[in-house]
Each structure stands twice: as C-alpha cells, then as structure tokens.
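There are 8 protein chains.
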Amino acid sequence: MDRHRLKELLEGVARGDIDVASATESVASPPFVDTDHARVDTHRALRHGFPEVVFAPGKTAEQIISVMQTLHAAGQQALVTRVESDVASRICGALPAADYDADARLLWLGPSETPIEGKGTIAVISAGTADRPVAAEAVGVARRFGNKVDLLQDVGVAGIHRLLASTEVLRSARVLIAVAGMEGALPSVVGGLVDKPVIAVPTSVGYGAAFGGVAALLGMLTSCASNVTVVNIDNGFGAAYVASLINRL
Amino acid sequence: MDRHRLKELLEGVARGDIDVASATESVASPPFVDTDHARVDTHRALRHGFPEVVFAPGKTAEQIISVMQTLHAAGQQALVTRVESDVASRICGALPAADYDADARLLWLGPSETPIEGKGTIAVISAGTADRPVAAEAVGVARRFGNKVDLLQDVGVAGIHRLLASTEVLRSARVLIAVAGMEGALPSVVGGLVDKPVIAVPTSVGYGAAFGGVAALLGMLTSCASNVTVVNIDNGFGAAYVASLINRL
Amino acid sequence: MDRHRLKELLEGVARGDIDVASATESVASPPFVDTDHARVDTHRALRHGFPEVVFAPGKTAEQIISVMQTLHAAGQQALVTRVESDVASRICGALPAADYDADARLLWLGPSETPIEGKGTIAVISAGTADRPVAAEAVGVARRFGNKVDLLQDVGVAGIHRLLASTEVLRSARVLIAVAGMEGALPSVVGGLVDKPVIAVPTSVGYGAAFGGVAALLGMLTSCASNVTVVNIDNGFGAAYVASLINRL
Amino acid sequence: MDRHRLKELLEGVARGDIDVASATESVASPPFVDTDHARVDTHRALRHGFPEVVFAPGKTAEQIISVMQTLHAAGQQALVTRVESDVASRICGALPAADYDADARLLWLGPSETPIEGKGTIAVISAGTADRPVAAEAVGVARRFGNKVDLLQDVGVAGIHRLLASTEVLRSARVLIAVAGMEGALPSVVGGLVDKPVIAVPTSVGYGAAFGGVAALLGMLTSCASNVTVVNIDNGFGAAYVASLINRL
Amino acid sequence: MDRHRLKELLEGVARGDIDVASATESVASPPFVDTDHARVDTHRALRHGFPEVVFAPGKTAEQIISVMQTLHAAGQQALVTRVESDVASRICGALPAADYDADARLLWLGPSETPIEGKGTIAVISAGTADRPVAAEAVGVARRFGNKVDLLQDVGVAGIHRLLASTEVLRSARVLIAVAGMEGALPSVVGGLVDKPVIAVPTSVGYGAAFGGVAALLGMLTSCASNVTVVNIDNGFGAAYVASLINRL
Amino acid sequence: MDRHRLKELLEGVARGDIDVASATESVASPPFVDTDHARVDTHRALRHGFPEVVFAPGKTAEQIISVMQTLHAAGQQALVTRVESDVASRICGALPAADYDADARLLWLGPSETPIEGKGTIAVISAGTADRPVAAEAVGVARRFGNKVDLLQDVGVAGIHRLLASTEVLRSARVLIAVAGMEGALPSVVGGLVDKPVIAVPTSVGYGAAFGGVAALLGMLTSCASNVTVVNIDNGFGAAYVASLINRL
Amino acid sequence: MDRHRLKELLEGVARGDIDVASATESVASPPFVDTDHARVDTHRALRHGFPEVVFAPGKTAEQIISVMQTLHAAGQQALVTRVESDVASRICGALPAADYDADARLLWLGPSETPIEGKGTIAVISAGTADRPVAAEAVGVARRFGNKVDLLQDVGVAGIHRLLASTEVLRSARVLIAVAGMEGALPSVVGGLVDKPVIAVPTSVGYGAAFGGVAALLGMLTSCASNVTVVNIDNGFGAAYVASLINRL
Amino acid sequence: MDRHRLKELLEGVARGDIDVASATESVASPPFVDTDHARVDTHRALRHGFPEVVFAPGKTAEQIISVMQTLHAAGQQALVTRVESDVASRICGALPAADYDADARLLWLGPSETPIEGKGTIAVISAGTADRPVAAEAVGVARRFGNKVDLLQDVGVAGIHRLLASTEVLRSARVLIAVAGMEGALPSVVGGLVDKPVIAVPTSVGYGAAFGGVAALLGMLTSCASNVTVVNIDNGFGAAYVASLINRL
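Chains as they are written, first to last, in the working numbering: chain A, 1 to 249; chain B, 1 to 249; chain C, 1 to 249; chain D, 1 to 249; chain E, 1 to 249; chain F, 1 to 249; chain G, 1 to 249; chain H, 1 to 249.
In short, the hints are calculated from the structure, not lab data. Computed from a prediction, not measured in an experiment: that's the story for all the values here. Take these hints with a grain of salt, some might be off.
[Said to hold, decoys possible] Here are the computed lysine-lysine pairs in the DSSO-like style, where the Cα-Cα straight-line distance is at most 30 Å:
| no. | chain 1 | residue 1 | chain 2 | residue 2 |
| --- | --- | --- | --- | --- |
| 1 | F | Lys148 | F | Lys119 |
| 2 | D | Lys119 | D | Lys148 |
| 3 | F | Lys119 | E | Lys148 |
| 4 | A | Lys119 | B | Lys119 |
| 5 | H | Lys119 | G | Lys119 |
| 6 | E | Lys119 | F | Lys148 |
| 7 | D | Lys119 | C | Lys119 |
| 8 | C | Lys119 | D | Lys148 |
| 9 | G | Lys119 | G | Lys148 |
| 10 | A | Lys148 | B | Lys119 |
| 11 | H | Lys148 | G | Lys119 |
| 12 | H | Lys119 | H | Lys148 |
| 13 | C | Lys119 | C | Lys148 |
| 14 | G | Lys148 | H | Lys119 |
| 15 | E | Lys119 | F | Lys119 |
| 16 | E | Lys119 | E | Lys148 |
| 17 | D | Lys119 | C | Lys148 |
| 18 | A | Lys148 | A | Lys119 |
| 19 | A | Lys119 | B | Lys148 |
| 20 | B | Lys148 | B | Lys119 |
Based on the sequences and whatever the hints tell you, model everything.
Listed below in structure tokens is the structure:
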C-alpha cells in the first residue's frame, strides 16, 4: 500500500465503486497467514522477488512441514536451509515432492528446474576443503534463485598460484562470493583481482584463535579491498540471496 | 595479462614481430609507481573502474600530497577520505585545484562535475543526527563516483513512522545504504521494505554497551533481513564504493 | 523488622508484656528454613508478593522436590523454571499435584487457577518462531502471577507490516515484554509505538555473530527507544516477574 | 492513525463530508518537521506523554539550538541530556529562557516547575561518590517529568549498614533506580529488600577489570534479585524515563 | 639449596669431609622423580608444607594412579581434585586405600583423620544451591589440610537477611572463602562485615550474561571491599590452599 | 550490633536501667556521617582495623578535602590513593599537615611514623621498571598500615637469575605481593619458591595483546602455583590492604 | 615460473626450439591436481621442502584417503594431523602402509625412517602433563621432517627447579619449542635461559579464566623475553614446521 | 654456572687452588647491577649475543639515560626502542654520542657501523603506508644487530600484482618479516611464496573492527601458511630480534 494506491482506493470509495467495508479490509488486511507458531509471510515473493526461506535450526520437523504446506497452499515455492539429514528424512516422508541436497543441507519444494533469471554468472570461491558446506549452500541457493553459478574450491591464499590460475573464472563473473575460514584473507585477494562486488562469507572453520569464525569475520570487515561486503559467519544463504538480487539488476 | 594476451604475445615473438626484450618487459613490468613511501597503483582505474582512493589517517599531509601528485601525473583523479580540516588546509595550500567537503571529510582532485554513470539511484538512509558524518561520506563518494543519490536522514526505528513516510524514496532506489549506530536496527527494517541490496554501515555513535559501534555491527551481521550485507564500522566510503559498483551493473 | 516495629517491641518489653527471651527470638529468628542444601526463604511471599521461584538447572530432581515440599509445608505455592521434561517426569512422580507446561518448561505446585490481580494486560511480543520457548516462559509466569496476557508471535522487524498490523494489541497493554534474538531490534520498534514500559528479553537464538544472544543484548541495551529496560539473555521469567510487579501498581 | 480512525475517515469520504485531497493528506502527512539535519518528532508528547529529549554528544550547539527552537515553536518543552558546560553556555546565550543543571548536565526549556503527575515516589540510590553524576541525571530527569524523588547516596554494599539504615526510604518508594559502578552489586541487595521494580544503572566508574562499566553491567544483568531490569551504562536518563512511565500507571 | 647451605658444603669439601662426587650430586640432583609422563615433585611437602595435589581433568585414570603411587612410595600423602565418579571408581579399584568424596569430587590417599594445624576457623560461605560443588571442594581441601571449617550455604545477597543472620559465624573466622556465581556480589558484602582476609571464588553458575563465571569474576575483582582477593573461576581448591597457608601463620 | 549485645540492651531495658528512647537510638543510629556528597564511614577503623581509605579519581579536590576533614574530626587517620600531583598540591594547600608521596601517589593525614603492628615482613616484588608506581603504592600503603616491607624490583622472569639471586628475601617474608604487567608470570615463579601466600597484582604495563593488563590478569588467575590470589589491575592498594590483614594474624 | 625461466622460454620460442602450444602450456599449466573436493598442491615439496600436510578435522576419512592417494601417486609423502583414532582405523584399513601415532594423533604415509636433515637439535619443552598431546604432535612432526628432537616434559614454572635442572638440554638445542597452557609462562623463562629462537605454543589446557588457551596465548604474545614468537593455540604442528625450516638453515 | 663448571670449581676447592670465600662468591654473585630503579642485566650480551634493549614507554628520560650509562660503563652497546622525539632530544642532550632514528623511533649508543654477522638477508615486507613506523623499527633493529636488510613497502594483498612483482626479493631472503594491519593477510600470501620462516607483525593500523590490531593478530595466528609465527601487535623490534637470531644460525 503506497500513496498512489491509497488515492485510487479513496477515489473509488468517493465514486461509490468501492464500498467502505471492503476498502477498509484492503487497507487493513495483513499480508500473512497466522499458523499456531508462525506468522507466515505469503506476500514475500511479491515484495522481494524470491520465495520465503525457512531457517531450520530451532524448529521441529512438524513446524517446518507446516510452514512449507502453508507456503505451498499459497502457491509459493519453499526453500529450507540448514536441514540436518535426519530432519530432512522426516520432512521428505511427509512431503514426498520435497528435494534434499545433503551437501548443502538444503530442502526444496517447487519445480525441479529454476529458469535462469540472473543476467550474469555468480562465482563462488572457497578457501579450503572444510569450507565446502558453506560454499555448497551458497551455490545451491543461487541456483534455486535462478542463477548460473561457477564454483572454484580449495584456492586459499597460502598457495596463491592456485587462485591466480583461475582469474578468468573470477573476471567473467558479475558478482562474486568468497568463502573462507581461519584468517579469511581470500576476499581481499579476490577483491583486488576484479572490479565487481565481492560478498565475503567468514566460516567457523579453524581452531584456537580462529574463535569460531571471528578471526575471519574481522579480517573480512577490515579488508583493504574496497569492493568487499560481509555477511554473518557461515551464512552462505545470505551471500547467495544478495548476489541473486544484484545479478537481477 | 591473461592467457589470451600471453598467447598473442608468444605468437608475435614466434613471428619475429615482437623482440624478446620488449616481450619480457611487457610480461614483467609492474603496473605501479614506487614513491619514497608508497607503491602507487596507477592501473587501478583500468582494473577497477574508479580512481585510487587514499585513506588519510596515519599519513602526513606531505605523503598525501605526494600520492595525489603521482596520480595526477598519471592522468588519474584522486579522492582522499577522512581528511581532518587542518590537514585539508595544508593540502589545499599545496594543491589549489583540490576541493574539500568538510562535512564528509573528503578531498577531491579532478573535474568538479562527475558525469552520471550509475544506472539508478543510490539511497542513503541514516538513523540519527550523530550518524551524519558517515552518511555524508557515503553520499559524497557515491556522487564523485558518478551516481544520483537520495539522502534520508534521522529516520531511526524508534519512530518508525518517520521511515514509513518515505518508503517511496526507499523503493525507487536501485541500491540502498543504511547507516546507524547504537542498536543498528535500521538496515533490518529497511531491508524488509525493499527488494534491492542493502549495504549496512554501523557507526561508532553511542556510549556504554554500544562499544564504539560493536553493538550496531553485530546487529547488522545478524539481521533477520536477508538482503543486507555489512561493511566496517564508520566505513561510509566502502559502502558507497560497493553501491557504485552495483549501480553500474 | 523496621524501626517502628522495634520500638513497639521494646515498649512491650519495658511494660513487661513481652519477656526478654521471646523478644530476642523475634528480633533474631531468621525468616528461612535450612534444608540440607538450601536456606529456603519462607517469608518471601510476605516480602515480595510472589511465591519463591526455583531455577532448576544445576539442581537434582531430589533437591527440587525437597524445596517444593518445604515451601508447600510452609503454605506457599511453588514455581520452578527451566525444567527439562525428564526432570519434570521424576518430580511429578513424587509430587502428583504438580503441573508441568512443557512448552514453557515451567513446573507449578499450587491452585490450578490464579485469580487476576494485575490491573491491565501484559503483552508478550516475540520476533521469530525460535524465540517461542522464552516467550512461552514469560507468558506462563505472568499468568501464574495473576495477569491477563496477550501473546503476539513471529512479528520480527524485517517484515514490519506484520507488527504494524497488531498495533492495537500493543497499545492496549499496560506493560510489554519484547522477546528477540539475532539483532534484537524488536524492542526498539515496539518501544517507539507505545507509551508504556517495555521489558526487552534478548534470546540466544541465532548463530555466528549472534554470539549466543550477545548481539541482541547489546542492541537492546543501546536501544534508541527510551522506554526499554533489559533483562538477561533468555530470561523470560525475569521479564514476567518485573512486568507483574508493574502491573500490580 | 489506527483502524478505527481510518474507518471514520473513509465513512466521511463516502458521505462526502471529507474531500479526497484532505483525507489523503491526513493519512499521509508525517508527524514530524524536517530541519536541515534532523527529522524532529513533534507528535512525541502525544504518543509518549513526555517531551522529545535530545542527547547532546555528537551534536553541535547550533544543532541543539535548532532542535530546541523547533520543539518550542511546536509548543513543546525540551530536555537536553549530557550537555557539557561550555556547550550549555553557548546554548543559554542563544536561548536565555533555558535552564542548566551542571551537576546533572541537563538543559531544560519549559516552565520552571513541573506539576507532580507520578503517583508515588521514585527512589534513586547510588553506591559511591563517583556515581553521583549519573544519579544526578536520573534525579533531574525524574523531577522534570513530574515525579517526587528521594535520593540516597554513597550506600555501597561493602558497608551494608549504611544501606540498611535507610530501608524505610527504599520501602516507601513506588519505583527504584539503583546506580552503581565497579561490581554493581547494589541493585541485587536493594532488589531483595523491596517488592517494587528496581531499574539498575551500571556506571563507568572503576578501573582495570571494571572495563568502563562492563563488570557492573554484567553483574546487574545476572542479578539474583528477580525484580531488577537494566539500562545502558551511565544511562541515568533512560532509568528515569522508564521509572516515570511506571510511576504514572 | 641456599647460600648458607652451599657454604657449608664447600667447607666440608675443603676439609675433606665430603668427597667431590657426592657434593656434586647433592648440588645437582633434582628434587623430583621422572615418570613416563610427569616430573613428580617429591620435595613439595618440604618446600610448601602441603602434599602434591593432582588436578585430574586431562589425565587418564592410569596416569593419576601412577602419580599417586609415586607420591605414596616417597612417603607423601596425595590429594586429587575434580575427579569424576567413573574415574574415581577405577582409581579406587587399583588403590583400595584411597577415599573418594563425590560431593567435592576429591580423592585422598593418606590417613583418614588430619590433625588440626590451622590456628583458627576457615569460614566457607556460598551464595546459592548451585554453587555447592565448588564450596564443597573448598571445604574438603581445607579439612584435609588440617583446618576447622564452618560452612554457610545459600546466603546470596538478594535475601540479605539470610546472611546477616549468621554474622557471628563470619566474624569468628580467621580467614573466609566466599563462593558465588551470577553477579558474584557475596564477597563484597561479606568483606564489609569482617576485618579478615576474604578469598573470593567466582563460579560458572548462571547463564547468558554470566558468561560461564566471567560476570562473577569481574565483579569480585572490582569489589569495593578492600579485603577481597580472587582466584580462578570454580577454583575452590586454590581458595582453600591459600586459606590454609594463612591459617597456619 | 550482634545478638549478644542486643540481649544485654534488652535486659537493661527490662531492668529499667536503659530507657526506651536511647535504646532505640542505640540500635538504630547509623555509624556514619552524611556529608553533602558522601556517607562517610566513621566506625570503619573499629570494624576493620584500618582507617578509611579514599580513592581519588572521580572526586574533586574539594570533595577529598571534605572527607579528610570529616575523618580527622572523628579522630581518624586518612589515606588517599591515586592522587595526581596537581590535585595533591591543592589538597596540601588546604590541609598543610597532609603528606604526599608522589612516587606512590599517596596522600596521608596522620602521625608521620606508624608503629609496626605486622608480625613479619611483607615482600613486594615487581617485574619491570614500568611496574614501579604500582609497587610503590603497595609499599607505601603497607608501611602506613604498620608493616615492615622489603622491596625487590626489576626481577622479571625472562632473566630468572635476577630473581633467584634474591630467594632469601622471598623466603623470609610472611606475605608476598608480586607485581607484574605484560605476561604476568612473576607470581607463578615466586609462588613456586615460597610456602607463604602470594598476592598477585597485574599492571596495565604493556601494549598490544597486553590489553591494558588483561593478559597479566588472566595469567595470574590461571597461575599453576596454588598459593596465588589476585586483585584488580594496578590495585597495589588492595594487595597491601590484604597483606596487612594477613600480617596481623 | 620466474623472470629468468620466462626469458629462457621466450628465447626457445624465438629460436623455434619450443613451439607456441607447449610454451603456452608450460606457462599456464597449474601445479596442482583437482580432485572432487580439493585442489591438491603437488609442487609443494618442490617449493617448500616438506610434503603437503593435511589437517584432518572437518574432512571425512574418504576425503583424507583420496588426498593421500593423490599425493602418493605424485610420488610424495603425506602427513595428516589431528587424526582421531576411529578415523585413523578407517584410513589404515584402506591404506595399510600408513602408520598411526595415537599419542600425537599423526598419520604418516612414507618411508618409516626419515633421514636427519636438520643441522642441530630441536628441544620441545612442555609445562604440564595435560599439554602432552600438543608436545607429542610437535615431536612427531619434527621427527618426520628429519630432525633430532629432545623432549622435556612437566617442567612448569611454578616448580622452577625442575626446569633449571635441565638447562643443558635447553642450551644445546638449535631451536626450541615451548608448550604451555594456563598462564603460559614457560616460554618467557625458557627464552631468558637461551640465545636461540623459541617458538611458543599456547595450549587449551586449563579452565575458567584460561578461556581455552587465550590466557596462555596473550601471555606468550606479551612475553618479556625477546626471542619468543608464537603460533596458534594447540598448534604443535605449526611450531614443528617452522622449527624444522629454521633447523635446515 | 652449569654442572661442568661447578665440578671444576669444587675440584679447585678440593685441591686448595681456590679458597672457599671466592668460590662462594663465584657461585653466588649476581650478573647484574642494581640501580635505583632497575636491575640492569650486564651479562646479557654474553648470554644472548645482543646488547640489552630498553623499551622506552613508561620510563622517564632520566631513567633511560641512567640505564644507558650503566650499560656503557659495562662496555656494552645500548639500543632504546619507541623513543618519542621529545624524549630523544633530552637524552641526546645528555648523551651526545647517542644516535636517533626518528622514523623508527630508535635510539642507539655504540659504534655507528655494525659489522654484518647475519649469514643471509632479512626481508621486511609491509602492507600499507601506515604500517611504515613498525616496518622501520624492524629494519632499524635488524641493521643494528648486524644484518643485511631488504625493505619492500606498500605491497598489500588487495593489489597482489605489487607483491608478485617482487617475488625475487622474497625468495632471496633467509628470514622474512611481514608487517600488516587491518586484515593482516600479507604473511599468509608471503608464507605461501617462500620456504623460509616468516615472522608476522600485526599492526594497530585500521579502525572499527580492526580493534587496534586484534583483527590482524587473529588473522596471522590462524594463517593457513604453515611457516608463519607471530609477535605482539606493533612489535617490530621483537620480529627483528628473532630474525637476527635465526640469521646467525
């Protein structure tokens, strides 16, 4: 509801074309469905261009199933992130049409193929083998959101030739996602090699002074490359979400 | 230098069109100028699309003047950030063509008007009066980088009607920059109102548990709005840099 | 024992109405019962207006049963918080009159209906589905303490229309409790919409930079809404306790 | 603007009593005044019951004067907090009717006497001499907001008899504010002595492991007294604001 | 070996009373026994007045048995702290003379009764029921080290009358140990009531902003009572060790 | 006032030897004097055995003078810590009998010689030259409190022979105070060389990862020497206070 | 590929000795093998002098086997660190030639004896029994990398005579590794006794204020011994790696 | 004094060649000189191979002069670090032979030329212009300690070509020192390019999430390059000290 739409509505009421009760309803009715435990946002695709995404941790399989069914009933696709395999099994038992990607811990209810809507390619670059699940989440989400994705793995900066050998992949991307734990230096180096936005994802990979991703997070926030922005630790989903928005521009 | 260019060069050498000495030089010569204290990157505009930007703190007026002259001599524009007024005076004394914006603490050496190259508008939204310098930096940089900018100030979430009164400004932007200190909640609310990327800038505004911007930083990193990425505390420049890159896509 | 009561006692002794031994006892006798492991406060209802509340973690089922029996023997009601279901089973086996609310993790020994003593309504607002257990604790405690309670769930600020659709609920409350994890922005927005005290409860919901509730805690402490005070992370009980005190004023 | 008011407006439009242009304006016009640097909330007293309060740090004397004049022009009183004496001098030069309390660092523009609207007394208790400025801010704000205030100073818990000698003051209050730095234990002891809400204000008093108020803040958040809520470090204003709200109930 | 002893030895050598080989050995032989995994200090009782104390976590039952046997073979008593019950069972199987106190998690190999060597009483005061294991460790160690001990439990400062009812116990002690988690205010209040040294033990009891004992630790370090010193979180042993040293003076 | 004294008083009242008014006064009169800004504890020497000690930072010269005069009028000595030289000058101007030790930043009002009441010697050991002010504060306070003091300076553990050359000084002390910044290892080594209590004082000496004394503080709290307790960063006063208490036992 | 090699290659092409295709390949071909999940660096021994070392945590047994086989196929030795015993069993099942050291948690595929290439001895000194696994990792890695190693265990600074009894071992080493948890003071004392580089390894041994190794880490970083550098918490491998590099110089 | 020397001494005493008094003295006399405020280590050059180095902050000019004179009187050279220019002026006034390097903040008393004793070259690499003072300190110390030094400045990883253009400098060094603030990624990249030890120096350069060098420090401690060890923030001296030790091996 914006000023323009409000004016039209009021003119309709003034002309008698629209009755007061339904106009009141239009202005006041909420764009969500209340379930027992959640207020599900059914207008989200309209407002944001992507389906509602459910973050699984802290929710029971039953709650997730209920939200997915509500979204499905409203004609929307549903994507669930961070789904452990045992929870996924129970959900897929109840919703056989759901599709589970164990590597990326993603659960999907919708058409198996997503049409490409992104204008270019999203490159996902990860520093080490242990960063793989976060990178996989980013790749999986970006593909479900209609993007072509290039994945470049295990190219940490301590063996810089491995990264430099793939600069073409970096430079042909429209948006980049750099995933790294430990000292989190990858986005700085990648950022220096391209003139596109780089979304940095710190991971909780590492031990001791890595402090569960804090070292990487601080490193990325203080990156000397100016084209880097940062999302939360392990938030491959968030990086892919923003990359998809940018890739549609 | 990429694989394709290397191949051409080698073919030229094979044909005898290019002699070994100059080919060696082409492959090996560095794209920078060494001054006494800095290795100035003179190919940056070529690689990144924007001029080299100098971060003033920790540098003497003399060092800044030297870098600006080196860039100018290489035909590049120069932008200096976080320039305190006394340093600016000394630089402008030496470089009368330089232009200083005290509000944004920006110093500029280049044409007074920058042609618009961004495809849409960048909206800069700030929460409180005290966040003004950071927002001003973001606005100033974005304009110098060729963008139309809308500024919306003092619309913190504790008076949500002030923000909601300007949703049209928010929704007509192609990229948004949300600047806030204290609890840093503004990007979450803004993010929920638009379907465009939002770059969040925590500021060091606040006291006590604000911890110099840490409260806002953590709040933005854990934003429940999925379209938010974050830059360093008070980094209005970085936000504008990335917003400009996105706005050129 | 206050100055006035002391004077009466001394006058009684002076008149010979009260003998020295019993006066000594009255002044010196402690308002508690020592069990093997605890000094149970049996005068608490007298002093504070609510029954003693037991925090279960770190206590064995046997210790909890013992405290509940001591309170019961002293004619007091007993409320136990954070009781995991297995511990609750053992306690209910020993004390069949006890009532367990699994959602709120509350155990209660007392009359099943609590008369309404609060003068108005307490509104409990929670940001996300995962904040539900903390909100449920707040609701459960407030009801056991004799209040009418309105619960508004899943109204996080990134979908601000969900919250704005329920402003009437907010504005009709006498005291409000706002429960949120992650960036913890909900109390700021709620605080801006009402002119009543808002008690903010940060939750440990979130990951990475949420740091187990620290991001939300800092956000709430630095809220730009002036009518917000804060309790410990996940402390739904404390919020309800203070809200009940306020609602009796 | 709530649902009820909207319906009335629509009915007026339907009846032809209200024309479309002015109805549009009523729904859409913002309850604030935009100045050069701030969006001043002129409906705040209506919504919150207290005048707009300006936090001085980070604002120039000129900006503060401008906000105070805008509020004054809108018929509102103005209270400014944390005003250093030199800034106060400049403001009082421009606004001779303004009144400055150096101890509490408060600046006031409004009638010299505030009628008592609070139903009971607010007790402000402080632990040490160095906590005095924060306690003074709480006292000053609570008085300007129409409350009777009792002040009890220098009653830290390491000399518990000093506090116990004044329990009558504590027990006769309707709301209490406990101000303490260092280990911040005062609110716990005070909370145990009364059955009213206690608002705890940690102060930045102390050195070393006091960490600028963090020790006191953590101590207050983890208080074993259930009737304690907490505001930000040194936030005497916020405590008085909430205490005033409670005292009006 | 000190200067005096060295001189005697050299004089013995000069007189021919002591041969070079054995003098060399005396000066150079180490006061410890090397086992496979540890350098066991067999002169400790001589130097420190108490037996070697073994900290169990991180050691296998076999390693603990080996150290205890080495100490026993050297005629020393052995005390092991933080022994979980399953480990204790295995050790007691191998060393039937060992005695296990499950409450205090202490294992003892030596005479069942320790003669009283402390000159006065050590008072151990604990704030809450959950602090009991730490208090029990302090009590158990102090008794094994030859002290009379008074234990006062569950006297947290939020019910200050519980503590004040036992001031005689406090004042009759020669040294005091105050054990508390959460806000850790107990030592400040106890410290103000006595003129003896108070050793504060923060415990990891609490949740959220208690940060595993950090809130209590900081509170104790910044105590406004001057007679308080602090040991590590949950270090009931260390407190009892120092209290025993003081009580022997 | 304890139980025994209360009984006597009541018996006096019962016998008619004591009238009600004065008995009431005796029980209720507070052992302190209220000044404008402080509640000065005039019974402290009675309860604690040492004069009231005033912590100067955060107090004006006028406030300090007022407290010193109040104490002096009550026949007590006064010690003020952390007095900067300019503040000291102003105080000594008003109170010519006061004595200032610039090295230790201590101000004293009382007899110039303090009779020795401590039973043994207190050894103060400091690691580096920069720790000198904190060590000087400990030495000065311990002397004013009636102790013989040995000072051993600049014996940090990285040149262990410097410390070992003075083991006789260490071993002849009855209580030890070990002062160190940076890694704070001195108390661990000292603790291992003696069988007396060691009070560790971390100092804010150091840079970078010293974090203003946090590194030393943590090191001392986790010392592997069991006879070490810790006071706040730079708290030479507190260490001397407790050492004096112990030395009187 | 360096400037010299490039010139030779170009001259070969100019002479016609090298054809363009193979020269392009030489310049561009990457010195690694891409497996499904990793980019294995097969030139590492060439560049760094030691085999690739695999960090096991976060990798499945299958991934580790695959990397080991890739390295083996490239004629390289393989060392895997932090291998838990169950993972080791599965790997040794698949690769019977692999050798597992449970104490050091190291897995090795290569010749059973490594020829000594280090010029001197590496001394590994550890503070307590619980630091043993980290010390064992350092010893194991240093031996596999071709060094003579002396191990000195359980020589913490609180019993300084244990360390001083072995100064000859310390002084005969060419490089030293000092391993310690808790207050981490060992490297400072060791550093003061030798004139060789000391690599400090903080361990996560300890509890409470040890903060999982942070106390030791900070202590080592702020060591007053100038010959100390530091590696990550528990990083026995890294210390041995650098010590081996130094020992080859 | 070691076992061998002790035996010789004892044999001399047994033979009557050495009298008891002087033998006692030899064993017991301390290798230091006590001044008023410091215990100056005059045997340090003997034990460590380098002169005593004085850290200026926290010491007065007079104290520094006194230490330098004591060292000079003992025939030793003196190096003072972190000397601000005003302090240097006063020292040079008193000691005209002293030499001050303002860039590196180093003060030197000794021969103007130091003979080269290091076997190879030490490379000092710094990331940005603002890291210059720390790099200069490292360069200055390494030269005073007898090393050839190569300096490579302003080669941060976000412009990786600047660093790669100088790999020959990196690879020809025997030891490397990498200096960087902000995200501190330089040592990881440098470490991957060489097979020599790299000493990483985090600097306090940066703002916001750089936290005064903490981001760089954590990044370096968690570097994925195995040949990296770390010193304290801004500790250019320490890095040069260790590099010099290594370069002498």
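Could you grab the alpha-carbon distance between Lys119 of chain G and Lys148 of chain G and see if it respects the 30 Å cut-off?
-> At roughly 9 Å apart (the allowed maximum being 30 Å), Lys148 of chain G and Lys119 of chain G satisfy the hint.
When you check the alpha-carbon spacing of Lys119 of chain E and Lys119 of chain F, does it fall within 30 Å?
-> Holds, at roughly 15 Å.
Lys148 of chain H and Lys119 of chain G: Cα distance at most 30 Å?
-> Cα-Cα ~23 Å, so holds.
Restraint status (C-alpha distance of Lys119 of chain A to Lys119 of chain B at most 30 Å) | 15 Å, holds
Take a quick look at whether Lys119 of chain H and Lys119 of chain G sit within 30 Å of each other, Cα to Cα.
-> Holds, at roughly 15 Å.
Would you mind confirming whether the straight-line C-alpha gap from Lys148 of chain G to Lys119 of chain H stays at or under 30 Å?
-> 23 Å, holds
Compare the distance between the alpha carbons of Lys148 of chain B and Lys119 of chain B with 30 Å, and conclude whether the hinted pair is satisfied.
-> Roughly 9 Å between the alpha carbons, so the hint for Lys148 of chain B and Lys119 of chain B holds.
Is it true that the CA of Lys148 of chain F sits at most 30 Å from the CA of Lys119 of chain F?
-> Given that 30 Å is the threshold and the Cα spacing comes to 9 Å, the pair holds.
Is it true that the CA of Lys119 of chain A sits at most 30 Å from the CA of Lys148 of chain B?
-> 23 Å, holds
Given hint Lys148 of chain H paired with Lys119 of chain H - CA-CA distance at most 30 Å | Distance of about 9 Å is within 30 Å: holds.
When you check the alpha-carbon spacing of Lys119 of chain F and Lys148 of chain E, does it fall within 30 Å?
-> 23 Å, holds
Within a Cα-Cα threshold of 30 Å, do Lys119 of chain E and Lys148 of chain E meet the stated pairing?
-> It holds: about 9 Å lies between the C-alpha atoms, which stays within 30 Å.
Checked against the numbered hints above, the structure breaks none of them.
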